[in-house]
Amino acid sequence: AQSVTQLDSQVPVFEEAPVELRCNYSSSVSVYLFWYVQYPNQGLQLLLKYLSGSTLVKGINGFEAEFNKSQTSFHLRKPSVHISDTAEYFCAVSDRMNTGFQKLVFGTGTRLLVSP
Amino acid sequence: GAVVSQHPSRVICKSGTSVKIECRSLDFQATTMFWYRQFPKQSLMLMATSNEGSKATYEQGVEKDKFLINHASLTLSTLTVTSAHPEDSSFYICSAAVTGGQADTQYFGPGTRLTVL
Numbered sequence: 003a004q005s006v007t008q009l010d011s012q013v014p015v016f017e018e019a020p021v022e023l024r025c026n027y028s029s030s031v032s033v034y035l036f037w038y039v040q041y042p043n044q045g046l047q048l049l050l051k052y053l054s055g056s057t058l059v060k061g062i063n064g065f066e067a068e069f070n071k072s073q074t075s076f077h078l079r080k081p082s083v084h085i086s087d088t089a090e091y092f093c094a095v096s097d098r099m100n101t102g103f104q105k106l107v108f109g110t111g112t113r114l115l116v117s118p
Numbered sequence: 117g118a119v120v121s122q123h124p125s126r127v128i129c130k131s132g133t134s135v136k137i138e139c140r141s142l143d144f145q146a147t148t149m150f151w152y153r154q155f156p157k158q159s160l161m162l163m164a165t166s167n168e169g170s171k172a173t174y175e176q177g178v179e180k181d182k183f184l185i186n187h188a189s190l191t192l193s194t195l196t197v198t199s200a201h202p203e204d205s206s207f208y209i210c211s212a213a214v215t216g217g218q219a220d221t222q223y224f225g226p227g228t229r230l231t232v233l
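Respectively, the protein sequence lines represent chains A and B.
Quick note on numbering: our numbering labels position 61 of the first sequence as 63, and the sequence is numbered without any gaps.
Quick note on numbering: our numbering labels position 72 of the second sequence as 188, and the sequence is numbered without any gaps.
Keep in mind the hints are simulated off the structure, nothing from the lab.
Since the model is a prediction, treat every value here as computed from it, not as a measurement.
Wrong hints could be hidden among the right ones.
[What the hints assert, rightly or not] Distance ranges between label pairs, derived from CB positions:
(1) A:S54 <-> B:S170: 28 to 34 Å
(2) A:P81 <-> B:T196: 42 to 48 Å
(3) B:S125 <-> A:L9: 42 to 48 Å
(4) B:I128 <-> A:K71: 44 to 50 Å
(5) A:E18 <-> B:D143: 24 to 30 Å
(6) B:T173 <-> A:N43: 37 to 43 Å
(7) A:E22 <-> B:N186: 40 to 46 Å
Ideal Cβ placement from N, Cα and C applies to all residues, glycine included.
Produce the entire structure from the sequences given, and follow the hints as far as they go.
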């Protein structure tokens, strides 16, 4: 079974500063990895995903993440944040060994708070 | 593309009544839809996986008789909360997986906030 750990429940940062949101996963098989963003009272929007290939994945809104197999991590980064990036960010993992669509297992989320 | 809608966005009901939530994929066909539940300031918990034309697969601990799921077409899945009670109050989110798309690309709806009085 997979699990996802987001150690930081909340990350405060000033506008235009860089940010890193940490995600570590545990799995006995190869995985797909995802980052989603959730704005208040809304569903989740896919930021980026790692399926295979290059370990550095670029997503929307200037975010990127790097898959590190040896450290079982998939940290999310942005070089310069905006006020509008304030939201809840979820890391998720799914099992890539089975065919078809697999379940996503989510971390507990990290709230990014960007202040002026 | 890949837009998923949910209706209603917010519903308040009395204890003991049933509530139906619709999830639609607007511009693509989804053979598989997922229903999640999210409590305040917590992560999403998968409730069930719904495949078009077949019975839903429920996660452990989810009462299938209480949370009825119907996936009648490739663009519509419904979740009915039967005999709702205050503890069923939550944010319910659906997602739809793109038919023939790359594995595990789920597109999420905006969610439905259910409040049971």
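Verification of the supplied hints:
| no. | hint | result |
| --- | --- | --- |
| 1 | A:S54 <-> B:S170: 28 to 34 Å | holds, 30 Å |
| 2 | A:P81 <-> B:T196: 42 to 48 Å | holds, 46 Å |
| 3 | B:S125 <-> A:L9: 42 to 48 Å | violated, 32 Å |
| 4 | B:I128 <-> A:K71: 44 to 50 Å | holds, 47 Å |
| 5 | A:E18 <-> B:D143: 24 to 30 Å | violated, 36 Å |
| 6 | B:T173 <-> A:N43: 37 to 43 Å | violated, 28 Å |
| 7 | A:E22 <-> B:N186: 40 to 46 Å | holds, 43 Å |
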